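Enquirer: Order-wise, the sequence lines are chains U and Z.
Going by the working numbering, the residue at position 18 of the first sequence is 18; the numbering climbs one at a time, nothing skipped.
Going by the working numbering, the residue at position 92 of the second sequence is 92; the numbering climbs one at a time, nothing skipped.
In short, the hints are calculated from the structure, not lab data.
Among the hints, a few may not be true.
What the hints assert, rightly or not - Heads up, incomplete: computed chain Z residues facing chain U, CB under 7 Å, no partners named: (1) M15; (2) Q69; (3) I103.
What the hints assert, rightly or not - These stretches of chain U come out as covered by chain Z in the derived footprint (C-beta under 8 Å, 3 or more residues): (4) 51–58; (5) 65–78; (6) 112–123; (7) 137–144; (8) 154–163; (9) 183–195.
Claimed, not checked - Chain Z is nowhere near these chain U residues, computed Cβ spacing over 12 Å in every case: (10) L101; (11) E180; (12) H198; (13) Y201.
None of the values given here were measured: they were computed from a predicted structure.
Glycine included, every Cβ here is placed at the ideal spot set by N, Cα and C.
Residues per chain, in single letters:
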Amino acid sequence: MGAAAAAANTASMPEQVVFWFLAAAIIVGSIFTMTRRNPVTAVMSLVGTFFALAALYATLNAHFLAIIQILVYAGAIMVLFIFVVMILNREEATPVTLRGLPTRALGVLSGLYLIWVFFRIVGSSPVTGPPPSVPDSFGTVASIGDVLFRDFVYPFEAISLLLLIAIVGGVTISRSHRKEVAADKAAEARRAIQQMAHADYPAVDTALEGGHGGSSSGGGGGGHH
Amino acid sequence: MGRHPEAVGEGITDMPVQYYLTLSFVLFVIGTAGVLLRRNALIVLMGIELQLNAGNLALLAFSRGLGDQKGHVFAFLIIAIAAAEAAVGLAILVGLFRSRQTINLDEASLMKR
Numbered sequence: 001m002g003a004a005a006a007a008a009n010t011a012s013m014p015e016q017v018v019f020w021f022l023a024a025a026i027i028v029g030s031i032f033t034m035t036r037r038n039p040v041t042a043v044m045s046l047v048g049t050f051f052a053l054a055a056l057y058a059t060l061n062a063h064f065l066a067i068i069q070i071l072v073y074a075g076a077i078m079v080l081f082i083f084v085v086m087i088l089n090r091e092e093a094t095p096v097t098l099r100g101l102p103t104r105a106l107g108v109l110s111g112l113y114l115i116w117v118f119f120r121i122v123g124s125s126p127v128t129g130p131p132p133s134v135p136d137s138f139g140t141v142a143s144i145g146d147v148l149f150r151d152f153v154y155p156f157e158a159i160s161l162l163l164l165i166a167i168v169g170g171v172t173i174s175r176s177h178r179k180e181v182a183a184d185k186a187a188e189a190r191r192a193i194q195q196m197a198h199a200d201y202p203a204v205d206t207a208l209e210g211g212h213g214g215s216s217s218g219g220g221g222g223g224h225h
Numbered sequence: 001m002g003r004h005p006e007a008v009g010e011g012i013t014d015m016p017v018q019y020y021l022t023l024s025f026v027l028f029v030i031g032t033a034g035v036l037l038r039r040n041a042l043i044v045l046m047g048i049e050l051q052l053n054a055g056n057l058a059l060l061a062f063s064r065g066l067g068d069q070k071g072h073v074f075a076f077l078i079i080a081i082a083a084a085e086a087a088v089g090l091a092i093l094v095g096l097f098r099s100r101q102t103i104n105l106d107e108a109s110l111m112k113r
């Protein structure tokens, strides 16, 4: 590794072809995702981008992450997106808006900062030249699990808690409140009927207290009166 | 790591890590441009997913360049966070559409006025 660190790119021809093909697929797919007006086209090109990214992860010896990328991203998350697109399929009238001058200046400044950091890191030592040799088990499920459950147990547990919170939050936010309103109204009506029954026939009320499970029939009888 | 005494292989590719980092940078910039410029909340969420994936790519590239698997664990956790973010974000989107009949972010500035 040390001898080859100065050399630029020692990758063989097929490796280069695979990398550039996947890189082109990722860039074209992401640009398509961000520029199409039709949300369905955007979601489909995002799925393609994720597949190409998964292949690129595999070339980085990250087999486990490549599988997870396909299962979680291209599988679960994008299906969620497609469902939401089906619920609210709308094309936008004004796809792009530009903000005022201060915001734009801030954007340009942070963009320049990002470029500066990028070139500083890309020029540094461990990323130029061919990557070091790694064990054959690098990136497999067994060795990732080894690191995950030895050194990162608490983050793992925290993530499971976060996912639970996300489930509860998602259900709470997106739930329809129409049924609850209907249930509230029904409970109110039932209470009014019981009050009427109590006023007219105290015996009905004691029968309800007796608890034969006949609250609706008793209430109904009082309501007919 | 010291826990993997078995055979030392070559890895799958000899492409220098900086190529992957450059690709990650480009992907992040495309995602950021989408998040900042598009007004459709659905597309903005997709831009956030692109940004997260660019971060994952950079983590995995560094992980490969340094021969350390901790980056893989971070990427794994980021994918879990992205799943949570997508679930809650899309739920908010559906709630927004139900109450305001729009997913245009310029028309959803209730807390601004």
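Enquirer: Can you name, in rising order, the numbers of the hints this structure does not satisfy?
Expert: Of the numbered hints, just 9 does not hold.
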